[in-house]
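Q: Residues per chain are reported as follows:
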Amino acid sequence: MSCWETVQAYGLRSLGIGERLLPREGYDLCQQFTLIGSGLIWNIYFGVLALAAGFFLAVGLALAKGSSRIWLRKPADWFVFVFRGSPLFIQFFLAYQLLVLLPKDGIQLPLGLFTLTIGTDWVTKAWAGALLVLFLNTAAYSAEIFLGALRSIPKGDLEAADAYGLTGWKKFRRIQWPTMLRLAWPAYTNEAIFLFHATTLVFFSGFPAFQQRGDALYYASYFAGKTFNPFVSYPIVAFYFICLTLILIWLFGRVNARLNRHVPSNARVRRARLLPQIVR
Amino acid sequence: MKKLILSAAFAALAAGGALAQDTIRIATEGAYPPFNFVNDAGKPDGFEVELFNQLCEAAELTCEWVTTDWDSIIPNLQSGNYDAIAAGMSITEERKAVIDFTQAYYPATFSAYAAPSADADLSGVVAAQVNTIQAAHVAETDATLLEFATPDEAVAAVRNGEADAVFADNDFLKPVVDESNGEFVWAGEQIQLGEGIGLGIRKSDSELKAKFDAAIQTVKDDGTLNELLKKWFGQDSVTF
Amino acid sequence: MFAYCADPKSLEGLQWLSCYLTTGTHFSFYGSFLIVLVLLFVTAPVALAFGFGGAMAARSPAAPLRWLGKGYMAMVRGVPDIVFFLFFIIALDQGFEWLTHQVRCPDWIDPIRQGLEFRVCPQAKIPPNTAPQMVHQIYNFGLAVVTFAIVFGAFAANVLAGAMSAVPRAQLETGEAYGMTQRQVFRRIMVPQMWIYALPGLSNLWLILIKATPLLFILGIQDAVYWARELGGFKSQTYSYPHPDWRLWYFLGLLIFYLLMTRISEIVLDRITRRLSHGQATAAGEAQRKGAVA
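Chains as they are written, first to last, in numbering that gives the first Met the number 0: chain A, 0 to 279; chain B, 0 to 239; chain C, 0 to 293.
Everything labelled a hint here was simulated from the structure, so no lab data went into it.
Some hints could be false.
Claimed, not checked - List time: in silico DSS-like cross-link candidates among lysine-lysine, alpha-carbon distance up to 30 Å:
{"#": "1", "chain 1": "C", "residue 1": "K8", "chain 2": "B", "residue 2": "K230"}
{"#": "2", "chain 1": "A", "residue 1": "K73", "chain 2": "A", "residue 2": "K154"}
{"#": "3", "chain 1": "B", "residue 1": "K202", "chain 2": "B", "residue 2": "K42"}
{"#": "4", "chain 1": "C", "residue 1": "K289", "chain 2": "B", "residue 2": "K42"}
What the hints assert, rightly or not - Take a look, some chain B residues computed to stay more than 12 Å from chain A by CB distance:
{"#": "5", "residue": "P106"}
{"#": "6", "residue": "F109"}
{"#": "7", "residue": "I190"}
{"#": "8", "residue": "Q191"}
{"#": "9", "residue": "D221"}
{"#": "10", "residue": "F232"}
Unchecked claim - Residues of chain C clear of chain B, computed beta-carbon distances all greater than 12 Å:
{"#": "11", "residue": "S9"}
{"#": "12", "residue": "A62"}
{"#": "13", "residue": "R65"}
All residues carry an ideal CB built from backbone N, CA and C; glycine is no exception.
Next up, chain A with everything else stripped away, as it sits in the complex:
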C-alpha cells in the first residue's frame, strides 16, 4: 500500500470512515503518522468544544464566586474546589461509573398530556461523557483564573466607571469584562494548553474506545502494543502535540494582542507582573 492509499484508508479512521480493520502488518511510519493524526481529530474535538462551552460557565462561576450572596458563592466555591482539587484521572473514572448508573431505557418525564423520553445511553459514550467532564473541569480552572483577574482590576478603573455614572450590566460590559479578559488571558492560554493535553486521558483511562475509534494516544498505544516498541509511536504523539501547542500559543497570542491593543507602552510592565501566574 502506498502512503497515499494509507492516508485514504485511515485518515478518518477515528471517525469510523475508511478501512474497518486497523493495520495488522507493516506498521511503517506512514501508517503511524496517518492513524495517530486521525486520532488527533478527537483531541481537537474535545479541546475546542470543552474550552468554548467551559468559557461561559467559567465566567458565570467566577461572578458567583465573587458574589456577596452566600447561596451563589458557596455552591460555586465547592464546585471549583472539587474539580480543581482532584485528579482528572479520578474524575473520569467516577463520572463513567455514575453515568452508567443512569437507567438504560431513558428517563421518562411526564409532561401532562404526553411523556417525554430522554435517552441516556449516549452519555456513557466518550464523545458526550468525557466532553462533559472536560467541560466542567476546564470551567472550574478558568473560573479561578477569571476570579483572580476580576479582583485585580485596577481600583481607578472602577472609580472612573462610577464617576461616569456606569452601573450594573453596563459597568460590567464596558469596564470589568474587557479588563478581566485582558488580565486573565496569559493564564487562560496556559489553561487551554493543559486542557488539550488532558484530552489524551479520555481513552487512556476513562472511557472505552468504541469500534476502535480513539484519540491520538489510543492509536499510539495500539502501535506500541503491536510493535512492542514505545520509541516510535509515542514520540509521534509528542510531535503532534508540540505542533498543536504552538498553534494554540499563536492563536491565543493573536487574541492577546487584540485585547491589549490600546495599552501599547504598559504592555511590558504588565506582562512581567502577570508572568508568575501563568502556570496554573
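Dock chains B and C against the given chain A, drawing on the hints supplied.
A: Coordinates of chains B and C only, in the frame set by chain A:
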C-alpha cells in the same frame, strides 16, 4: 565493619558476573487470576507463580517476581529490567517476532463469550481487554469491539449494559459466570486462540530458554504440570 | 492481623470488614499513600533544581545555552505528561545503563542494540540482577522521581524565568551601585527577591504535581490508584475475601485523599505567601504594612 567488608566483597563478586545469571527476575501482571494475582498477603500467587517457583527450585535458580503493567511488559523485558515473562501471555506470531517463547506450559486457551443471556447478540457490541488476542479476534468478526484497559472493566461493561457480551479467556470468565447467580451465562461457542501460553524470554537468552524448555518438559512428563492445572483450574481443566 | 481472621469465609459483618481492611494487600494500599507523599516531597526540590537550571540557561547570555534552556521548556511543556511518561522512563533507564556500560565494559564487542533488544554487559546493569528486590524498587522510584522532575522542572523553569524578570530593576541597580559584581547581584538580590514573584506560579505547580501522581502507575510504581483498581475489582472465590466490583468506593476514598491534600496545601501555601510578602514592594506587602501600622 566486618560485615560491611564482607558484603562489599560479595557485591564485587556479583558485579563480576559470576553470580549474575543465578537470579532470574520473572515479570507478571498480578491481575489475571487464577494465572497470576496478588494474594491477600500482598504476594504474587496463582498457577504461574506456583509452577515457576517449583521449576526454579528444581533448576537451582533463584527466582524473583516482579509485578508490572501489562502494556509495557515486553519493552521492559527487552530493556533488561527482568529476564522472563510469565503473565498468561499467549504465544502469537506478532510476539514471536520480537521475543522468544519456551514451549507452552498451558495449552492453547479457549476463549468464550459471557453475556446476560445465552442468546445474546454476539455480533452486537462485544467487550474485550485492549491489546489481547481476544480483542484482535473480535475486531475481525462482525461485532462492534469495545476495548477496556483491564478484563475487570470489560466484565463490568456487560453488567451495566454497555456491551452485549464480553469475550475473554475461558478460565478468567469461569469464576465470573459461576459466581454471578445467573447474571452471566455462556453464549456462543468456545474458540481456541493462539498457540498456548509460554514463558517469554529475550531472543538473545537462548541458554535460559533451553533451561526452562527442559524444565517444563520434565514436569509435563512426570505429570506434575497436569496436577497443578487441575489444582488451579478445576478437575475438568484442559491438560497435556 | 486479628486472631479471628484465620478463616475469613466464615466471618460476617464488622468482623469480616475488620479482617478485610487489614489484609497484606490493604497495608500495601495504605503504604502507597506514603509512597505518593514521599514522591511529592522528593520530587518538588529536584524539579525546582531543574527549573532553576532551565531558567538560568534560558536567560544566559551564551546563545547555545539559551537555546538549550528555551528548547527544554518548549519541548517538555508542549507534550502531554502522560505521553512523555510512556516512553521516557525506559529511555532514561537505558541511557543510564549505556553510560555505565561505556565506563565499565570498554572491551565489550557485542552490539548493545539487537533489533529492539537493549543489552549491556552484566556489570553495567543498574541495579545488578542479583540485587535484592528492595534495591530494584528504590531504583525504579528514583527513575520516576527524575522523570517527574524533568517534566515539572520545565514548568518551574518557566515560572522562575518570569519571576527573575519581575524583580524590580531598581533593586538590582542598587546592588550594582554598591559595587557588587553581576554574580553577587544575582546571588544576593535577584535570588532572594524573586521568590515572592515565583510563589503563585510555584504553588499552582505544586497543586498540579499532586494531581499528576495517579500517573505513577505508568512508571511502574504501585501507587494508590494501582491498588484501588486492584483491590476494588471483582474478587472471585479464588480469593479469601471475595466481593463484587467495589472500585467506586475505593475511588471515592482516593477523591477524598486528594481533596484533603489540596486543602492542606492551600492553607500552608497561603501562610508562606503571607510571610514572604512581608516588607515586599507588592500590593500584598503594602497591605501588610498598612495593617501593622493601624
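Q: Flag every earlier hint the structure violates by its number, smallest first.
A: 4
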